[in-house]
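Just so you know, the sequences run in chain order A and B.
When you line the first sequence up against my numbering, it's residues 84 to 193, in that order.
When you line the second sequence up against my numbering, it's residues 106 to 217, in that order.
Since the hints were made in silico from the structure, they are not lab data.
Just so you know, even glycine gets a beta-carbon here, dropped at the ideal spot from N, CA and C.
It is possible that some hints are incorrect.
[What the hints assert, rightly or not] Label pairs and their calculated CB-CB ranges:
| hint | chain 1 | residue 1 | chain 2 | residue 2 | range |
| --- | --- | --- | --- | --- | --- |
| 1 | A | Glu142 | B | Asn127 | 17 to 25 angstroms |
| 2 | A | Pro122 | B | Gln136 | 23 to 31 angstroms |
| 3 | B | Ser133 | A | Met110 | 28 to 36 angstroms |
| 4 | A | Pro122 | B | Leu185 | 23 to 31 angstroms |
| 5 | A | Lys97 | B | Lys184 | 38 to 46 angstroms |
| 6 | A | Met102 | B | Gly114 | 29 to 37 angstroms |
| 7 | B | Glu120 | A | Glu162 | 44 to 52 angstroms |
| 8 | A | Thr181 | B | Asn117 | 24 to 32 angstroms |
| 9 | A | Glu142 | B | Leu151 | 17 to 25 angstroms |
| 10 | B | Ser133 | A | Arg160 | 29 to 37 angstroms |
| 11 | A | Thr153 | B | Ser154 | 24 to 32 angstroms |
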Amino acid sequence: NAGVTQTPKFRILKIGQSMTLQCTQDMNHNYMYWYRQDPGMGLKLIYYSVGAGITDKGEVPNGYNVSRSTTEDFPLRLELAAPSQTSVYFCASSYGNTIYFGEGSWLTVV
Amino acid sequence: RKEVEQDPGPFNVPEGATVAFNCTYSNSASQSFFWYRQDCRKEPKLLMSVYSSGNEDGRFTAQLNRASQYISLLIRDSKLSDSATYLCVAAHRGSTLGRLYFGRGTQLTVWP
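With the hints as extra help, turn the sequences into a complete structure.
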């Protein structure tokens, strides 16, 4: 059971670099999300999608972009990485009242 | 003011103890509530939903008090394996599930 798969698991970026965090789910869920979690803090919603071709901003979208060309995939793009984007990123999908999270991507910007 | 507030702890309790966590939410539009468990360096996983009438799942009991806008989680007969961070989560009425608001989490350590 793959569920929600995120890659990479760990990445170090230099300030100003760009990268894409990949997320894919095999449960045919329409709803997908990207959260970030800073140390000792709760999860904050970056972007979400209610289906292929539809995305919307969450609480903290600045510095990020997303796309949803298929039901399965929901990549998160960081443009011009900044130290404030050092965090753990969780991709998730949902059905009904349950959210399924990926294992997380640890990103450090130096 | 944060949407969801939790006492971050840490709570350190011996095996077999009963421990209770409280959580408050600020927005009366919040309609659905959940407790998630997060192990160190792992993703959150749903522990249980919280219903107005209160609900129980084994050693875990969740309560919701809409008048006072707080949610509680009671863990009886604590086990070593209960050591984790417990996240209180609120979702607004009429919103997509994506608009969940997470508390900072309450850290629990159960010692032998």
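Hints, one by one, checked against the model:
no., hint, result
1, A:Glu142 <-> B:Asn127: 17 to 25 angstroms, "holds, 24 angstroms"
2, A:Pro122 <-> B:Gln136: 23 to 31 angstroms, "holds, 30 angstroms"
3, B:Ser133 <-> A:Met110: 28 to 36 angstroms, "holds, 33 angstroms"
4, A:Pro122 <-> B:Leu185: 23 to 31 angstroms, "holds, 24 angstroms"
5, A:Lys97 <-> B:Lys184: 38 to 46 angstroms, "holds, 44 angstroms"
6, A:Met102 <-> B:Gly114: 29 to 37 angstroms, "holds, 34 angstroms"
7, B:Glu120 <-> A:Glu162: 44 to 52 angstroms, "holds, 49 angstroms"
8, A:Thr181 <-> B:Asn117: 24 to 32 angstroms, "holds, 30 angstroms"
9, A:Glu142 <-> B:Leu151: 17 to 25 angstroms, "holds, 21 angstroms"
10, B:Ser133 <-> A:Arg160: 29 to 37 angstroms, "holds, 36 angstroms"
11, A:Thr153 <-> B:Ser154: 24 to 32 angstroms, "holds, 30 angstroms"
The structure is consistent with each of the numbered hints, conforming to all of them.
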